[in-house]
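The whole structure should be built from the sequences, with the hints applied where relevant.
Here is what each chain is made of, one letter per residue.
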Amino acid sequence: MTAAVETGLTTTIHGDRVSLLRVLGPAHVWALGVGIVLVGEFTGWNFSADKGGALAALIVCWIVGLLYTSVAMIDSEVTSTVAAAGGQYAQAKHIVGPLMAFNVALFLVFAYTMLEVSDAILLGDTIVAKAGVEGLTHNSFIAATIVVLAWLNYRGVLMTLNVNFVITAIAYVSIVILFFSVSPWTQGAVLKLNELVTPGNALPYGWIGVIAAFQFGIWYYLGIEGTTQAAEEVRSPARSLPYGTMAGMITLLIAAAMTWYVCASLMPWEYLGITYYPLWDAGKLTGSPLLENLLFIATLLAALASANGCINDAARAWFSLGRDRYLPSWFSAVHPKYRTPYRSILFLLPIALAFAFIADLNQAITFSILSGVLQYTFMSINIMMFRKKWPLGTIRRGYTHPFHPLPAIVLFCLCMVTFFAIFLGFGSQLIAMTVFYFLISLWFHFYRYRFVRRGDQFSMPWPKPQGY
Amino acid sequence: MARYTPPEQSKAGQVFDIAVVVVAIFVALWLPLKLGLAGAAKSIDPLDAKTWDALGQNATMASIWEKLGYTPETAHDIIQNRFHYIIDWPTLIIMAIVLIAYFVFLFRASDKEYREVINEKFDDK
Numbered sequence: 001m002t003a004a005v006e007t008g009l010t011t012t013i014h015g016d017r018v019s020l021l022r023v024l025g026p027a028h029v030w031a032l033g034v035g036i037v038l039v040g041e042f043t044g045w046n047f048s049a050d051k052g053g054a055l056a057a058l059i060v061c062w063i064v065g066l067l068y069t070s071v072a073m074i075d076s077e078v079t080s081t082v083a084a085a086g087g088q089y090a091q092a093k094h095i096v097g098p099l100m101a102f103n104v105a106l107f108l109v110f111a112y113t114m115l116e117v118s119d120a121i122l123l124g125d126t127i128v129a130k131a132g133v134e135g136l137t138h139n140s141f142i143a144a145t146i147v148v149l150a151w152l153n154y155r156g157v158l159m160t161l162n163v164n165f166v167i168t169a170i171a172y173v174s175i176v177i178l179f180f181s182v183s184p185w186t187q188g189a190v191l192k193l194n195e196l197v198t199p200g201n202a203l204p205y206g207w208i209g210v211i212a213a214f215q216f217g218i219w220y221y222l223g224i225e226g227t228t229q230a231a232e233e234v235r236s237p238a239r240s241l242p243y244g245t246m247a248g249m250i251t252l253l254i255a256a257a258m259t260w261y262v263c264a265s266l267m268p269w270e271y272l273g274i275t276y277y278p279l280w281d282a283g284k285l286t287g288s289p290l291l292e293n294l295l296f297i298a299t300l301l302a303a304l305a306s307a308n309g310c311i312n313d314a315a316r317a318w319f320s321l322g323r324d325r326y327l328p329s330w331f332s333a334v335h336p337k338y339r340t341p342y343r344s345i346l347f348l349l350p351i352a353l354a355f356a357f358i359a360d361l362n363q364a365i366t367f368s369i370l371s372g373v374l375q376y377t378f379m380s381i382n383i384m385m386f387r388k389k390w391p392l393g394t395i396r397r398g399y400t401h402p403f404h405p406l407p408a409i410v411l412f413c414l415c416m417v418t419f420f421a422i423f424l425g426f427g428s429q430l431i432a433m434t435v436f437y438f439l440i441s442l443w444f445h446f447y448r449y450r451f452v453r454r455g456d457q458f459s460m461p462w463p464k465p466q467g468y
Numbered sequence: 001m002a003r004y005t006p007p008e009q010s011k012a013g014q015v016f017d018i019a020v021v022v023v024a025i026f027v028a029l030w031l032p033l034k035l036g037l038a039g040a041a042k043s044i045d046p047l048d049a050k051t052w053d054a055l056g057q058n059a060t061m062a063s064i065w066e067k068l069g070y071t072p073e074t075a076h077d078i079i080q081n082r083f084h085y086i087i088d089w090p091t092l093i094i095m096a097i098v099l100i101a102y103f104v105f106l107f108r109a110s111d112k113e114y115r116e117v118i119n120e121k122f123d124d125k
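Chains A and B, in that order, are what the protein sequence lines are. Heads up: the first sequence begins at 1 in the UniProt record's numbering, then just goes up one per residue. Heads up: the second sequence begins at 1 in the UniProt record's numbering, then just goes up one per residue.
Since the hints were made in silico from the structure, they are not lab data. Take these hints with a grain of salt, some might be off.
[To be verified] Quick list of in silico lysine to any residue cross-link-like pairs, SDA-like style, CA-CA up to 25 Å:
id: 1; chain 1: B; residue 1: Lys11; chain 2: A; residue 2: His445
id: 2; chain 1: B; residue 1: Lys67; chain 2: A; residue 2: Glu292
id: 3; chain 1: B; residue 1: Lys34; chain 2: B; residue 2: Val21
In this text, all values refer to a predicted model and were calculated from it rather than measured experimentally.
This is how it looks when you write it as structure tokens:
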């Protein structure tokens, strides 16, 4: 181990010797973003049907799609300009301030670690359900998934995201194959939407159910903003990040629409709302063993791709905290051979394992969603501050998103609706988590921040922000 | 502006700080589970007559339930397990106050720290 690594001096951004490798292209960015999110089509989105009915699940699919389109537009502009590992953390550090950056990094670590936990639980439960062996539990499958993927991440980002690209593509193609196999242009043969979603049951709870459905509607797309974590490892951030993120978002909107249409046309909303495997069940209900097995394998691959991307992203957010001394700099070490933030990867491993064994799928998803929505609320305010402090033309932007400030306003309003939706089901958890963030912020502001160098945190070659 | 030099933190201090963060994470995520605060308010609205018709299922729905391995008796608890959306205003107000207070503190304290960063970064030049 080099002395530089041991002292936590790790990255070229801060003028050090061992850095993360710039080896990724737009396809890897797509694989990271879509890989994390696509599992949401295989489980999670359907709980929105439970909260509001099948039509509510479709309405939130579109409206939350709008929320995430705003996220992708805003993120593409800011990240193509602030190209550093940590993504939204680095954005907050340069635009809002250190305490906000600390909180945003925690949002990221929580959102991705709990999403990883959800993925591992899904994978274990799916295998157990398929095996149908009495006494078989999901524990060993969960542990193996988390440990093996952590090892893959430890060994290098290029291999990690090459694997993600392949398995994400297979899982995505399986949705397309399912869609075209059930003759989507004809009703009555296989699909029976008119008989399953009727005027009497489309919105069983009325419009309050639609609002409540926002909570799990987030799951259609949660994690697409994770593309920004690769900012320091892509060859051309200004090109790859906007291209990969927007392509990912388009891909997901298509997948979400196909998934809803097929699933809502094959099963009653009461069952759709509680199953852990909506697409696998859809495959079974077509009566085709080939489709059933394809969707079973695709469910496993989607869970693997998501957990893989989550480990990648959570570790980079934690690594960034160490690099700026927001947490002990021990975490900022980069592996001298594999060039990965290996200590952060290893540190988060037992935390993920612990929660995989104490939380159930529904709760893990909710924890992840809560942190995600807190982060999106920050993003809507962050872009306003970014444009105010550095108006167009004052710094070079890799991408400038159109219609500003409309996407920020839409994002903020939809976040408020989602907070209300979470209140309708998980209000106590929202309060508990916000109190946690509040207390940990006090700890950071009044104690931990003394160990942080002030001016060194601002590493972008920009002019002084306006108003300062 | 004088350049701020942070104190060197001892190894024991670093380990303690890591422990604080880990314990805080576990308490925040685990406590609601332990106290039974996690989870949405759903309850079963029982029906006396457990038939597909009474459960509001038409012939197509009933055939799918049966394909999935359910009978009206076994599907009853799934179909009748409903949310009861009641807005608890005191809790909603507490949630709003906590969220607003959190974000206000976050932005104000961040701005104070940010001014130090900008002053040191740009006044050095």
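Against the structure, the hints come out as follows:
| no. | hint | verdict |
| --- | --- | --- |
| 1 | B:Lys11 <-> A:His445 | holds (21 Å) |
| 2 | B:Lys67 <-> A:Glu292 | holds (14 Å) |
| 3 | B:Lys34 <-> B:Val21 | holds (19 Å) |
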